[in-house]
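Student: Required output: the full structure, derived from the provided sequences and hints.
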Amino acid sequence: MAWCSRLTWHLPRRYEEEISMLRHQLEAARKGAPPSAIPGPPQHAGPSQQPPSIAPGNGLFSGIMAGGNQAGLAPPQQHPPPQEQQVGPQHQMAQGPPGLPVPPPHPNAQQPPYQQGYPQGPVSNGMGPQPPQSTASPGPGRRGVGRPPNAVGPATPQINTPVPYPGNAQSPQVSHPTPDHARMGGPRQPPVGNSLGDLEVDAVAPHNKKTGSDWYAIFNPQVQRVLDVDLVHSLTHESVVCCVRFSHDGKYVATGCNRSAQIFDVQTGEKVCVLEDHNAQDMTADLYIRSVCFSPDGRYLATGAEDKLIRVWDIASRTIRNHFAGHEQDIYSLDFARDGRTIASGSGDRTVRLWDIEQGSNTLTLTIEDGVTTVAISPDTQYVAAGSLDKSVRVWDIHSGFLVERLEGPDGHKDSVYSVAFSPNGKDLVSGSLDRTIKMWELSSPRGGGNSGPKGGKCVKTFEGHRDFVLSVALTPDANWVLSGSKDRGVQFWDPRTGTTQLMLQGHKNSVISVAPSPQGGYFATGSGDMKARIWSYRPF
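Under the numbering used here, residues 3 to 543 are what the sequence shown spells out, in order.
What the hints contain is simulated information worked out from the structure, not anything from laboratory work.
It is possible that some hints are incorrect.
[Claimed, not checked] No farther apart than 16 Å at their CA atoms in a straight line, the calculated lysine to aspartate or glutamate pairs in the EDC-like style are these:
1) K460 - E410
2) K460 - D413
3) K310 - E330
4) K457 - E444
5) K416 - E466
6) K429 - D382
7) K310 - D284
8) K212 - D232
9) K212 - E202
10) K457 - E410
11) K393 - D437
12) K463 - D437
13) K457 - D413
14) K393 - D417
15) K429 - D399
16) K511 - D470
17) K212 - D230
18) K393 - D413
19) K253 - E272
20) K310 - D288
21) K511 - D216
22) K416 - D437
23) K463 - E444
24) K393 - E410
25) K429 - D480
26) K393 - E371
27) K253 - D299
28) K416 - D392
29) K429 - E444
30) K393 - D372
Tutor: Here you go:
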């Protein structure tokens with residue numbers, strides 16, 4: 003596919019071939035003969051902003067994290083940390099489907115928290131104990147490296163527990179102090195604004211950076227540093243980590259990968275549960291879990307996968323409580339409502355569906371014009387939002403199914419929307435896109451409904467600074483920070499009031515597919531194509 007990150011490595015060769023082709027055609031024209039075929043790459047081998055369509059049934063995200071020579075692989079690290087970039091060889095994924103999201107064909111062309119904990123032990127789906135699974139990285143030929151996920155999609159950011167939403171500036175003050183070079187007499191650095199990824203880490207002043215054994219953080223030198231970050235746990239998997247999500251009490255984090263969902267203790271980093279359906283399709287084939295979410299009481303974990311099924315697991319017994327079938331293509335996103343019984347799902351089949359785990363049924367189906375990449379339910383369980391390949395964000399009334407908001411237009415996204423998240427007060431919404439931006443929307447009030455038609459919310463802030471696709475966005479539970487994960491391998495913290503970035507974290511060797519803050523604050527998790535999930539802490543500096 004034309005998105006291959008190696009393109010820039012071969013530009014001189016391409017230019018030579020194109021010049022040779024032009025000379026050949028010119029000579030042939032002078033002789034009056036038609037030019038013959040010239041060996042070499044296709045003439046239009048440059049980047050394409052709109053991926054081509056594919057046949058139904060193919061993955062919508064088709065291996066964003068393909069790795070190896072795939073187009074989905076993040077570009078080579080331009081600014082490695084001072085420490086050794088990589089302890090061992092990078093996990094390379096074998097050649098597979100093209101590595102970018104591709105739209106399906108257009109139709110016209112609070113419950114109390116669960117206090118008992120999760121019994122440790124091997125996975126089961128009601129069939130008895132299974133052998134323990136290794137957390138080591140797979141070697142050649144092991145499952146998880148046979149082919150990239152057919153379609154790795156971003157997970158919906160963690161829904162937050164109810165917290166007071168800050169009114170006036172409760173976010174730490176981010177002023178504009180005197181630049182370092184003016185105070186210290188050092189070399190002048192060009193203004194960087196939010197483009198922290200363009201800074202050479204070695205050139206950053208010591209008080210504006212922090213380094214670990216295989217990660218580093220750069221703090222924006224143009225604003226006051228008010229945050230600190232640290233790596234808490236690195237959780238190795240045997241495949242791409244497609245999604246991460248915290249339990250509502252903040253004690254556990256769930257991950258979705260090839261054929262299984264895994265649950266880890268946040269404090270110890272210990273894997274306490276593995277959920278795998280041994281009655282699923284061919285056990286030798288890949289089956290990536292694209293989205294996971296806990297029920298509010300922590301008893302259940304919902305998973306959405308490539309096989310078009312939603313499974314609701316009883317975590318304590320490791321058994322499947324509900325099987326929900328109905329989607330016609332891969333499921334990319336799930337969200338559990340705070341009522342503890344409603345689940346929203348989004349799929350490449352261009353639908354958002356609502357499910358009731360008590361009734362065991364599909365209660366509402368909402369159809370749009372293009373593939374659905376991400377869904378989120380509002381904190382008051384009144385609305386469901388969805389992002390789509392058509393660059394729009396839609397908001398529906400969850401009870402009536404009326405479309406009440408459509409967020410697009412001149413101030414909207416210029417490419418597919420991959421992630422949406424409601425603010426804790428439900429009045430704002432954040433979206434992340436392949437156009438490399440994050441947008442904050444102020445939702446209309448009162449919202450449309452019935453015959454009034456959808457209203458258009460106002461884009462109040464655009465966050466720019468990522469160097470590649472924005473794959474996942476979330477807000478901290480106090481709404482003081484917007485988090486984003488990108489194909490540029492970075493995680494950024496943004497001040498929603500000013501639109502400036504506070505820090506840029508480089509802690510993965512491949513795209514950051516999923517970010518999720520703990521509903522209790524203080525921690526966030528990341529999932530990546532480097533086969534790792536990581537738990538981080540953040541706190542005032």
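Student: Hint compliance check: list the failing hint numbers for this structure, sorted ascending.
Tutor: No hint contradicted; all consistent.
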